[in-house]
Each structure stands twice: as structure tokens, then as C-alpha cells.
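S.K.: Just so you know, the protein sequences line up as chains A and B, in that order.
Convert by adding 48 to the 1-based position in the first sequence; the result is the number in our numbering.
Convert by adding 27 to the 1-based position in the second sequence; the result is the number in our numbering.
Think of the hints as simulated: they come from the structure by calculation, not from any bench.
No experiment lies behind these values; they were computed from the predicted model shown.
Each hint should be verified, as a subset may be incorrect.
Said to hold, decoys possible - Partial selection, computed: residues in chain A whose CB lies under 8 angstroms from chain B: (1) L140; (2) V148; (3) P966; (4) V1002; (5) V1003; (6) R1006.
Each residue gets a CB set at the ideal place from its N, CA and C atoms; glycine is no exception.
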Amino acid sequence: MALGRREFLKGAGTCVGGASAIALGFAPPKAFAQETRQYKLLRAKETRNNCTYCSVGCGLLMYSLGDGAKNAKPSIFHIEGDPDHPVSRGSLCPKGAGLVDFIHSDGRLHYPSYRAPGSNEWTRISWEEATDRIARLLKDDRDKNFIEKNDKGETVNRWLSTGMLASSAASNETGLLDFKFARSMGMLALDCQARLCHGPTVSALAPTLGRGAMTNNWVDIKNANVVLIMGGNPAEAHPVGFKWVMEAKIRNGAKVMVVDPRFNRSAAVADFYAPIRAGSDGAFLLGVINYLLTHDQIQHEYVRSYTNAPFVVREDFSFHEGLFSGYDAEKRSYDKSSWAYERDAQGYAVVDPTLQNPRCVINLLRQHAARYTPEVVTQLTGTPEKDFLHVCETLAATSAPDLTSTILFALGWTHHTNGTQIIRTAAMIQLLLGNVGMAGGGLNALRGHSNIQGYTDLGLLSLRLPGYMNLPKDSQQTLDNYMQAVVPHADEPGQVNYWHNTPKFFVSLMKTLWGEHATPTNNWGYDWLPKWDRSYDMLAYFEMMHQGKVNGYIAQGFNPLAAMPDKNRIRESLSKLRFLVTMDPLDTETSNFWQNEGTYNDVKPEDIQTEVFRLPASCFAEENGSIVNSARWLQWHFEGAKPPGDAWNDGHIIGTIFTKLRALYAKEGGAYPEPVLNMQWNYRDPEDPTPEEVAKEANGYALADIMDDKGKVVVRRGELLPDFAVMKDDGSTASFCWIFAGSWTQAGNQMARRDNTDTGLGTTPGWAWAWPANRRILYNRASLDVQGRPWDPKRQIIAWDGQRWGGADVPDYPVTSPPNSGVGPYIMHSEGVGLLFAGGDKLVDGPFPEHYEPTETPVLSSALGKTALRNPAARFYADEKPRMGDPAQYPYVATTYSITELFRHWTKHSRINAIMQPEQFVEIGDKLAGKLGINAGDMVRVSSHRGYIEAKAVVTKRLKRLSVMGKDLDQVGVPCHWGFKGAARKGYLANTLTPGIGDANSQTPEFKAFLVNVEKV
Amino acid sequence: MGMQSQDIIRRSATNGLTPLPQARSHEQEVAKLIDVSLCTGCKGCQVACSEWNDLRDEVGHNVGVYDNPANLTAETWTVIRFDEREDEAGKLEWLLRKEGCMHCAEPGCLKACPSPGAILQFANGIVDFQSDQCIGCGYCIAGCPFDVPRISQKDNHAYKCTLCSDRVAVGQEPACVKTCPTGAISFGSKAEMKDLAATRVEELQSRGHAGAGLYDPAGVGGTHVMYVLTHADQPSLYHRLPDNPHISPIVRGWKEWLKPVGALGFIATLAGAFVHYMGVGANTTDETPPPEPKSKQDNAEHDPNENGRDA
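Looking at chain A on its own, in the form it has when it is part of the complex (with noise of 0.2 angstroms):
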């Protein structure tokens, strides 16, 4: 038909009218579309697994794609908490919830690489081609280097041209490969990441109370009164262990206090927070051991009964101007010999416990502390002194037996050169205070990564063993005398002094690495182990590297040239090796070293001859195995996909290329091949062990039926051991780390129960299986008086029954010895008791602590008058003393440290961590940028005489300025995250800045505290 002009106005109306009224809402509604988004997790498959970052060791579930079926390709898409697990309760850090990111992160390596000397890329090789090539740069190097004996004509067997960095975020089943593989060729040069952050907790907490582990647990902190926050800063760094913290403020009334350089974000939700100096946290401990002594608020009946506060020192131990008795400037080292107690006519030590000999413990160590009082104290770490009472006071009030503190703690007190004495010094406190073994008590080292306290388990240190147990030295030629020095003799009557059962440990050790040639007639293959002259721990190797008296080395998912201080000066030493292996998930910057990447690694490729592989690793997702947390559980975990493309688990990496090696000293013989092909590596797969048969070796087996006293078979021969107490010296029980020991037993994987009921206190035996016998708070006798009555009723984790030891926890003790049978708590110690007084051969810088200055230092001269400034004992190579600066030219004391959004140089990778903090920044205090003219968000140069970085400034109230020794300081604060790699924007290795120098008892290095100049750029 035919349009005329008024069809078309009338149609034109009609739908304008019509649009307008459906667009005033007169339409019916639609039907809805889809309203929410799919629920995504329906069917997909669930696995099981513990976050891959810190020591918390917080459950996830992992989902894949697929719903498990044979023919689906599983590739986790999704992380979250698991909600059953006791600690984390589905809570995850915004690094664990952003771990699907690192799983997938496009710095994930896909396939084995190769750069070749001076060449500027990376080539790709095949694993075949990457393995013979490495078995074969070993074993020269080996067959060229391999000492078998020293210049006195001892029997040494090291290998020192070459040496490994294990990984701490790796299985224990992997640590156990790599202990068999690094020491069955003699390296002595093995460390792990335990050098670089808790060293001088294991130094510390040892020789004070046993065992160098966390007390207590992450859970049982909700138990405390009071909880003081020093050299760590859990809500960054263990955020979701924080989440018991902030259980005890609510629940529990417990009043929270920080002391930190910086008001971080612990301080944030703290009750209290004191600012300190960097490096001062040794003179504020020892005034808080002042301030309990000169009020006399101590847990009497506790000190006396449980520390060694009534033993009696010998007239020659004397402390004078900041040195102990023995000390030889010239050596900078002790004689130890005057640091002992008094012995009677038996040769058990003199005990006093009347406490009025002037030599007792408790009467030296009054007086040591005495010099400590609040002004020095205010002077040298300047706190406010109103500030530092409130902390004495506050900790003192718990000294009475139903209150406790806890003290948690992490790298804030290891990095320093005195971190050991520092962490021994707050040991002392719980002792005085008698808060160790107490629910809500103790001294909570609060770990690094995930798997650290499993690879310090498992002696994966330059002079360890399993278990704690020392490598032998040189001069201990034969088995006895290894033992002679290391068994300790009692030091009081009727003691456990459980170290006596060493022989019994090394030799199931023995049987694991040697298998059946480790015989009696052979000393169980003594001679094969390593015997070392002195530490090779990283500073030391490094400085050999340096030297360049070091060919090859491995870093398995280790980031040295990050990780370690003085970044130029690393790639200096990486640049003189002939060979680097990486094994690694990630790209990394020291696999990198070698290439230009302008300001970030100014350096030339062509100059560097080091020849380089980078082995892809997979990640904790891609397989099966059980890492342990802080707390010392073994929680077992569960592969969800594979790793990507062509790359491998470290267990087939290392199984490959030991196989390969041995292959090669089969044909062809070559330098003392005995242990190499000695070394028990009877898996099924020797190329590639599998998780379970490895986590069965650690826990070990009967080599033949194991009888009680009565003669009853209590294991039968190739059972799994149920617990340590089983074990022969005899060769007919193995165990590779005496302490895992009831972690797999015949009643299956101990590691991977889930029963997380709560026993009492927040006890959970039955989830996963903690060292040493499932023990949750260690010398948790102590709780009780020597009658057996609990210090607190309400705090009551075991009891006597009247035949034996039971309750919540498992007893930390003899289960069959009765109250008052006089046993002391302290069952690793041959006293029985805690030390307020370590004497012997226990530490190298004096058996009290004592505050020392950090190497760089503000503070010229010390309020303590004329002392030792430094740490007399600390390590100092003479290549180190150039790279050192003075005040004069860096004003401004820095410190480093993790923020939340990052885990150290890993999580730069993971995008969706990269988003939550882009770029490298500094923290500096309002009122030094205000004297520097420096704004919120300029970039600004931090400098020290070792180099430089640069970054954004934050501008922040957080760092105050203090009055040090009456002069204004201020503090500069450098988080620890970026790199010239990653996800992140590139930026400088933090690491550039710090000192290459360590604790003088752990040579762990002093990050902690150190001078730096400030300047806008």
C-alpha cells in the first residue's frame, strides 16, 4: 500500500509512544535471564593440599577441571581454604588466596634451559641432554677436588668445589634425596634457607630449653594473657596463624603488645605498640631480665624447680667490659673452659637451692643484668622509657603461675649478628616468668617457609644431620669419638638427658644411608661421611666463591642472588663458577645473574664464562608429600595436577642425576667412589622416587624383630617403626631422622590424619602428626610443680593417673615417672632443668647474652660505658670490612622486611599478588622526608657503601623518630619482594643494601639492622 505522510506520523507516533511506554516500565516483565553466575565448583575435583608459602602451613582445597575421570585433564582453577584444618580454619593470607596464580604464572618454567659461557640466551635442551651433562661436570669436578684426607693425615672424605642449596619449600621427601645425593659425594657446602632466616632460633632455643623449635603452637596462642609482638610481625608475615592472636584479644581478654621499628599492621589491631631501633632488641630483653629481677616478680617456685638458677658457677667465669673470661682478641673466638658449673666429688654440678651462693645462676645473672637498667636501656633503643615499663610490667604481671605471656617472634631478632643471644635473652624471660610449657606460653619461633622447620629437621645444614644431630669434624677420627663428644654425660643424678640415646639415632641414621654395607666392622660407613674443618655455611662459600675457589653449585628452589646480602657481591661470586644448576617452578633472578638488565643487573653476559642450567621443578599443587609447619606438624599433601609442559618433580631431577652419576663411577671408578655407590637408593624407580616410599625411610623400619626388656617382639622385622624409643644401636632398626620416627607407621600415614577434634586448649592430636611423638606443646611437664599439681587448673594439658602420664597433649616426659621422682621437664637437657646459664661448648659468644651493636651502628659509643661495642665473636672475612659504612656518611639505620601482599621473591610472579602491590617502595617517616623534602610517592635513592636501590617513597606517622644516646635518629624501612623479574614492575633486589656478615653462633646474615643516606632522586 502506499505510505502517505499521515500513515507515517500516525506509525511514527505509535512507536515513539510504544518505546516510551516500555521504557517507563508499562512492558511485562521478561522472563529473567540467568540471575547469579554458575556456581563453579559443583563436581570438580577436590584435592587436598597445604599452602606452598609460609610456615603456618594453612589447609586448601584445590579445585581441578574435571571431576577426577581418567580421560579429564586436570588444571586447578580455583583456591581456597580448607575449613577443617585446626589452624586456618579456611582462611587464607592474600598469598595463599592468590595461589592459583603462581601455579599458572607465566615466569612458570616449561622445559630444561641452557646458556652457555659468555652466550646472552637461553637455549632449550632436552632432559636427557641436561642430566648427562650435569652428572658428568659433577663427577669431574669431584674426581679433580675430592679430599681425602686433611694435611694432618686424617681421614676427611669432602668434597668442597661444589655445593647445594636446598630448597625449603620442597617435600621432606625431597630433602631426604637431596641429604643422600649432596653427602654421599662428600659436599659439605649443603644449606638451606634455615641459614638465611632461623638459624639463631635453633642456636638459641636449643642450648636454652632443648630443642630448637617453636614451643608451642599456632592454636594454643589463643591461650595467652598476654602476647608480646618483638622482632616479628606475624599479621604480615603468618597472617593466618595472627588469626589466634586476635583469638586470645577477643575471647581471652589478652592484652597485645608490639615493639618493632616500624608501627606495622600488627601494631594496627595491637593494644599497645612501643617503637625500638633497629638492632637494640638485646638491651631492651636484658632490661626486661633486669626489671623482673630488681622487682623480684619472677615465678619462684618454677625458676628454682625447673631452671638452673640454683647450679653453681666456677670461681673463674667472669664477665668484664663486654668479654666473658677466655676470650683471645686475636682468634676472636673463646676459650670456653671457665664457663661451667661447679662439680662435687661424683662430677655432677653444685646446686644450691637455698640460691644464697653468690655464684649461683640466678645471683650472676642478677648481676649481669644489673647494668641494664631503664635510662640505658631508653638511651640505646630508643623507646620511650614510659614505653619500655609498660612492657615490663605487663609481662611481669604474668610471672604469677595462672597467667602467661607469649612471646612470638621471627626474623626480627635472627637477623642481626647477636640474634642468637637476642632470641636466648626472651627464652630467659618465659623461664623467669614460668611460662614455658604452659598453655598460652612459650617462646613461638615463628617460622619461615613451609617447609623450613622439615629441612632444619632434617639437617639440611653444612655441619648437620638428621635430627640434630652434628656432622663429625676431622679431628673426630673414629665412631667413639664422635660419640664421646657428642653424647653428653649427666650433669645431675637420675636425669632423662635424652641426648644419651645418640648411638642409637646415628647408627638407624647410618643403616638408612648405607644400607647393608654399613656394617659394625665398618663403624656402620663412618669414614664415608664428610668430616669438616670449619662452616661452609653461604656467607662462607660465597666468600670462597668469590675467592673463586668454588667450581659448581646447585640452587634448588633457592634465589641466592635475591636472597643473600650484598646482591653485587653475589653476582660477583656466581660470576666465578664454572657451572650453576637452578632447579626451580620460576624464573629467577639467580638464574638470570648473567644477563643485562640494565640499572636492576648492570652487568656484561659476554664477561661471564659461567655455564648455566635452569631445570623446570614442579610446584607443591603438581605432587604428593608432607612439609612441616612452625609448629612442628608433618602434614601430608596431595598432588591436584601435573607441572607444566616438561617439567619435573625435584625428587626425579635429583633421582636422575644421582642415577646418572653413579652409572658413571660404575664404569669408569674415579675419585673415592664408595659412598657414592654405597649410598642406599633402592627405590622402586631410581630415576624417580616416589613421595611414599621416601616419607616410609624417613620414618624407618626393623631390620629385625625388635624386643622389649622381657623379650617380647614388639616390632617384627620390615614393619615400620611406631616411634623413636624402638631404635637399636645395634644395626637392626633405620630411620633416616630419629624424630619423624611414628610419622608413617604400620598403622598407615600418620601425616595425613584429619581427625581435628579438639582434645583441650585447642589441642588437636589427631590432625596430620607432630615431632617429636605427636607432642603439641613441648615440655608441657612443666605446667605442673614438681608434685604434679597444674601451675593453672584451667591450663591443666596433662596429668598423672597414678601410673602414668595422659591428657590432652602427649607428655613431654617419661610417661612412667611419677611426680616428685625428682625427673626434670627439661628431658633434652642432661641438667633436666632450663638454662638461665649455657656454659660448654653450647654457644661461641658467652653463656649469658649480652647486648652488641649491629655491625653498622649509629651508636660510636654505648651507654653501657666501655664495653665490647660489636659482637667480639661474630665472624668478619677482611674482604667484608671495605664493604662496611660508618655513620658519618649513612645517617639513617635501615631495616628489611616482608609485607603481606608478598612472599619474599616468589610472589612478584603471581599476577593477582603483583596487582596488591605493583612497584618497589621504601617506608620513610614524615619527618625525615619533611627534612628531605620528599613527598608521598617521588622516587627516592637509598644508598648504603655496598649500593644502591631505588624506589617510591611512602611517606608514613609509622616510623617515628627517636632519641638514641641523645641524638635524633630516624629509621628507614625496605621491604624485601621485587626483582628484575616477575609479574611486578621490575625493580632493584633490595639485598643490594645489606651486610654481608652473620650471627656469630649461626652465621645467619645481619638484614636486620643496618646504615644507609636517603636522597629524593
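Following the hints, complete the assembly by docking chain B onto the known chain A.
M.R.: For chain B alone, coordinates are given in the frame of chain A:
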């Protein structure tokens, strides 16, 4: 009494002529309670939110503060706000607040939205954007008293927190709630969250925080995301949290007054035209014959607001 079913009680730009299903109305409201006194600003909630919702924002810059991303975006639905404050006595506080959609009982976004069904409110209190229905006009931003919705630069649709309606729909708590390490975020029925808040406020007051209180602002009918504030007497200390949020008078004027009046005007015009047509008839022209008269009808009986849950 379920809390997870997604029964719609309000729908943007939709009148009530055909009422929404209401039979299953015996449903509890849910709420998220954020206790700022327990928040450490860890950003676990930010990561869990992005991870669950498959969001990945740009890797940004540090601008001299901890806040990152620096603001809410279409791909960042919650951020922690960090504010340093020294009180009169010189005591330093680090005020940390998780910012995101408050899920108002009277949502300004929904009121302002002109696109039918682009914003829904469920009986359990969740206000959810149906971004595929969004026309990108940005009125929701103007309507929101908390400045929460964001228009994506990529697709020109608006986005914000869903309170994890997909998780709540199957009985789970939102991702941020589950992950929160310190227990600063809780989830439950609104009644229980108010009880919990009362306990927390009491505890905070006993610790000397006289100003502690619950933030559940009446100006928007209360919210399904509530705060326990240490300084509830000064909400604006927490990164400009509105002291008394309400829907902007312009949005109210437009939606509550102008729009019905406009509709009435429209109807009256239409009715007048019809009456005129019936009474006077069409103009005749040469081309077409005049129409036959028809029976009288009154469209005006349809008042757009009579049954309307929303104008």
C-alpha cells in the same frame, strides 16, 4: 528459612504491574559484618575476591601509600583503605577499612538504573548487577551514596561486589569472608550479625574505645554490609565513609517524583489524545476516509505506581 535463595524483590527500571513472585517470602536477610578493629589490612579479601570472581586488574603503580589498586575499578570490587591518624594525645592509629558495595536495603544504584533488570535486589538482601543488561549510562554511580559501582573501560558495563551471590546461592559464605585471616569479616543472618556487632562494640568500649559502634546507616534503610567502627561517632575518619549516607535528592526527585509525574503526563496526553479522537474524530483528508467511531476506553486507570515496588 533459607538465606541463599535468589528470590528477586526489586528489579531496576521495572514497574510492579506484573508483581514479582512473592509466595516464598519467609526468607532471612544475610549480612556481612566488617570489624575494623580486627582488620590488619592484609588484602586477603581483595585477592580472594578477585580470584573467585576471575578478575585481574592492571598491575598498577605505587603512589606513596599501601592502597593498591588505588581505587575500586570494574576489575577490583573491594579495596582496603589505609589512613593514619594521630589523636589529640598523640596516639597513632592506622585506620583500615575494607571498601566495597554495602548492599543497601534501599539501593540508590537500583533506584537510579534505567535499564530493566540490570540491577536486582534479592530477598536475602544482596544487590546484584546483571552486567549483560547494563547500558553503561553510569546512573548507578550517581545513585550510590558510597561511590562503589564502576564502569568498565573495556565493555562499558557497570560492575561491583555481588556479595558472592553465586556462593551464597549454594549455601557458602562470600570468598572474602571465608579467607579473612583475623576474623574481621563475618557472615550470617543480619540479625545475628547485629548481635555479634553488639558484643564486639561492648568489648571495644570496655577497652576504652568510647566511640565504638555499629555502622548500619538508616539513610539507606540499613545495609547488608555493616561495619563495627572504633570511632562510630566519626565514620568519615575511615577514608571518607559517609557519616549519614542517603540517596541523592536528584535521584530521588527524578525517580520518585519526576518519573511518575512524567508517566502521568504521558498517560494524560495519551488519554487526552484518545478522548479528542473519540469526541472530535480524526481530521479527514482527501486521501483517506474518516474513521468509524469506536467505544470509549480509559487507559488512565493504569497508575504506574499502584503496585510498583519501584518507580
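S.K.: Now tell me if each hint is right for this structure.
M.R.: Consistency of the hints with the structure:
no.	hint	in the structure
1	L140	holds (5 angstroms)
2	V148	holds (6 angstroms)
3	P966	holds (5 angstroms)
4	V1002	holds (6 angstroms)
5	V1003	holds (6 angstroms)
6	R1006	holds (6 angstroms)
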